[in-house]
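Peer 1: First to last, the sequence lines map onto chains A and B.
Numbers 1 to 209, taken from the numbering used here, label the letters of the first sequence in order.
Numbers 1 to 490, taken from the numbering used here, label the letters of the second sequence in order.
Here's a subset of chain B near chain A, in silico, CB distances under 8 Å, partners left out: (1) Gln421; (2) Thr422; (3) Phe424; (4) Ser425; (5) Ser426; (6) Gln427; (7) Thr428; (8) Val429; (9) Asp442; (10) Thr443; (11) Ala444; (12) Arg468; (13) Ala472; (14) Gln476; (15) Leu479.
Please keep in mind that the hints were generated in silico from the structure rather than gathered at the bench.
Backbone N, C-alpha and C fix where the C-beta goes; we use that ideal spot for every residue, glycine too.
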Amino acid sequence: MADPVDDPAATDAAPGATDEASGADEPDAHGAETAPGSEQSPQATLDPDAISEHTTDRRTLSASVQLIWAVRVLFGVAVLGVLGGFAIGQTSLDPTLVPAVTGVLTVLGLVWVHLRYRVWSFRVREDALYLERGVVTNVKTVAPHVRIQHVDTSRGPLERALGLSTLVVYTAGSRGADVSIPGLTTEEATDLQQRVKELAIAAEGGDAL
Amino acid sequence: MKLDRRTIPYRIVENGTRIVGIIIFSIVTSSAGSGSSGSGFFGLSVLVALLTVGMAITIAWEYARFQRYSYELTSDTFDIHSGVLSRRDREIPYERIQNVDISQNILQRFLDIAEVRLETAGGSGTEAQLRYVSTGEASRLQEAISRRKRGAGDEATETESEEAVLFELSDREHVILGIISADLRLIGVLTVAISAFAPQVASQLGPEFELVSVLGPAVALAGILLFWAASGVLQIFRYYGFRLTRREDELRYERGLLQRYSGTVPLSKVQTVTLRENVLARALGYASLTIQTAGYAPGQDGSRVESAVPVARRDRALALARDVEPFDDVEFTRPPGRARMRYAVRYTLVVLGLTAALRVVHFFTDALPRWYLPLAALLVVPLAAHLTWKHRGYYVTDDHVVTRRGFWRRNTMVVPYDRVQTVFSSQTVFQRRRDLGTVTIDTAGSGGLGGGDAVAVDIDAGVADRLREDVADRLQRSLRARERVPATTD
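Using the sequences and the accompanying hints, generate a full structural model.
Peer 2: Printed below as a string of C-alpha cells:
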C-alpha cells in the first residue's frame with residue numbers, strides 16, 4: 001500500500017529531480033555501452049540526492065564466479081562423457097570419439113564461461129535494476145524498483161567456499177525469480193541488497209499488482 | 001457456517017469408490033501373483049472384511065470432516081476452520097480475493113451442491129476450496145464476497161446497480177465455436193503425413209494392408225473430420241450457454257452444459273487482455289477474448305483456460321476488450337523486412353532437417369522410398385515466412401502496449417503500463433546477425449499455456465532497446481499519474 005504522506009511532495013519534486021539526477025548520472029565512459037534511452041527520468045518519491053547515493057555505475061561480477069561456472073560445465077561434460085562411453089560400447093563407432101568430443105565440449109564450455117563472465121553486467125539505476133547477460137542469447141532486463149517484492153541473498157556451498165553470494169530479486173511477475181545476480185562478493189551482495197531494498201521502499205507505488 | 005449435508009454421502013461415494021477400487025485391485029493382483037487363487041472362501045471373506053473396514057473408515061472420516069469444517073464471513077476476512085486430526089484456521093482478507101469460482105459436475109447438479117473456490121494472487125494453488133455447499137449458498141457466497149470486496153458491507157445496500165448483461169452466446173455462435181475449435185495445424189500435418197506415408201508403410205508391412213494404400217487418404221480424412229467434430233462438440237459442451245455480466249467493477253460468467261462453471265473476474269485486478277483468433281476464426285470474422293488476472297494460473301489443469309468470451313464477432317470482441325481495458329485504436333508496426341528473411345531461412349532448415357531425418361530412417365529400415373516428399377514444402381516456405389511476418393507486430397499507445405503474433409493462432413495482447421512488472425529485451429545469436437531483438441513484457445498475469453507474456457518479436461535491435469526503456473519509463477509515469485488522481489479504475 002502506498003504511503004500517502006510522501007506522495008504530494010514527491011510528485012511536486014518530479015521536474016527538478018529529472019534535471020538533477022539525469023545530469024549527475026551521465027558519465028561518458030559507459031554512455032556507449034548502455035542502451036539508448038537508459039538516461040531515465042528518475043523515480044520521484046525520494047529526494048534526488050538520496051536516490052543518486054543508492055545508484056551504481058555499470059558493474060561486473062567478480063572474476064572468481066568463472067570458477068563456479070567452470071566447475072558446473074566440467075561436471076556436465078564429465079557426466080556426458082561417462083554416458084557417451086557406455087553408449088558407444090553398444091555401437092560399432094570408434095571409441096576414441098568419446099575423449100575427442102568431451103575435449104572439444106570442455107574447451108567450448110570454458111570459452112563460454114569466460115564470455116559469459118565478460119558479458120554479465122548490472123547497474124542500479126534511479127528507476128530500476130538493469131541487468132545485461134547471456135552469450136548465446138543476450139538478455140537485457142529492466143526490473144523497476146516499484147515492482148520489487150523482496151530481495152534475497154543466497155550462497156551455495158561452492159559460492160561459500162569462494163566467498164561469493166547471489167542476489168535474487170523477486171517481483172510479482174510470472175517470471176518472478178528470473179532477476180538474480182550471481183558472483184557478487186558477500187559484502188557487495190549485502191550492500192546491493194540494502195540499496196535495492198531502500199529504493200524499492202522509496203519507490204512504493206501502491207498495490208504491486 | 002457448515003458445508004451442505006449432502007456433501008457427506010457425495011464424498012463417501014466419491015472417496016469410497018476409490019478406496020474400494022484400490023483394495024480390490026491390490027487383492028486381485030496379489031492373489032494372482034501368489035498363484036494360490038484356490039483359497040476361495042478365505043480370500044473372499046478377507047476381501048469383504050477389508051472392504052467393510054475401508055468403508056467404515058471412509059464414512060467415519062467424512063462425517064468427522066464435515067463436523068469439523070466450518071466457514072464464516074466476518075466483516076473483513078473470510079475464515080475457514082478445518083481439519084480432523086490437525087486443525088487449520090485460515091483467514092483470507094476480502095480485498096485479496098481475486099476470483100470466486102463455482103463449479104458443478106452432473107452428479108453434483110443432481111444433488112444440488114457445488115464447489116466454491118477462492119483464488120488469491122499469492123501462492124500457486126487455490127487459496128480455499130469449499131467442497132461442497134448448496135447451489136444457493138454458493139451464489140450467495142459469491143455475491144456476499146464481491147459485496148464485501150467493494151466495501152459495501154452487509155446486505156444493507158439494496159440499491160446497488162443491476163447486473164448488466166454484456167454478452168450471451170447465441171445459437172449461431174455455439175456452432176461457430178465448434179467449427180473454430182479445430183486446430184488446423186494438426187489437421188494439415190496429419191493430412192500430409194498420413195496420405196503421403198501411410199500407403200508406403202502399409203505396403204511394407206504386408207499384402208493384407210494393401211487396401212490401406214487405396215483407402216489411406218480417405219481414412220485419414222474421415223479420422224480428421226471425426227476428430228474435428230469431437231473437439232467441436234467438446235468445446236460446445238464446455239461453453240454451452242455462456243453468459244457474461246457486469247456489476248460495478250466485476251465481471252461474472254456462467255458456462256457449461258454438463259459441468260457448470262460460474263466465476264467472477266475483478267476488473268481492478270486485470271493484468272492483460274488477449275484477443276485470440278485462429279485461422280478459421282479470422283476467416284469467419286470471429287475472435288475470442290481472454291482476461292488474465294493475477295489470481296489465476298490459466299491452464300493449471302486443462303479445463304481451466306479461462307476465456308472471458310469464447311467466441312464473438314471480431315468487432316464485438318474488440319468492444320468488450322475495450323470495456324475492460326479502454327485502449328486506443330491500434331496500428332501495428334511489423335518487424336522489419338529482414339525478419340522475413342530470417343523466417344524463410346528457419347523454415348527451409350526445418351524442411352531440410354525433416355527430410356534428412358526421413359532419409360536416415362529410410363537408410364536403416366528401407367520403409368520410406370519417398371523420403372524426399374517433404375522437400376515439396378520448400379515451395380510454400382516463402383509464403384509461410386511472409387505470413388509469420390505479417391501477423392507479428394507491436395504498438396505503443398498512451399496507456400497500453402499491444403503485441404501480436406501467430407499465424408495459426410494469432411494472439412493480440414493488450415498490457416496497460418501500470419501492470420508491467422519487468423521488461424527485458426533479448427537477442428539470440430541468429431537475431432544478432434540480422435540486428436534484430438525481442439522485447440518481453442512480464443506481468444503478474446501468470447501466462448500459462450498459450451497465453452504467455454506480451455512479446456514483440458524480431459524488431460530492430462535499436463528499436464527494441466528503446467521500447468524496453470520506453471515501457472519501463474511509462475510504467476513509472478502511469479503509476480505516478482495514478483497516485484495523483486487516486487482511484488480512477490481501482
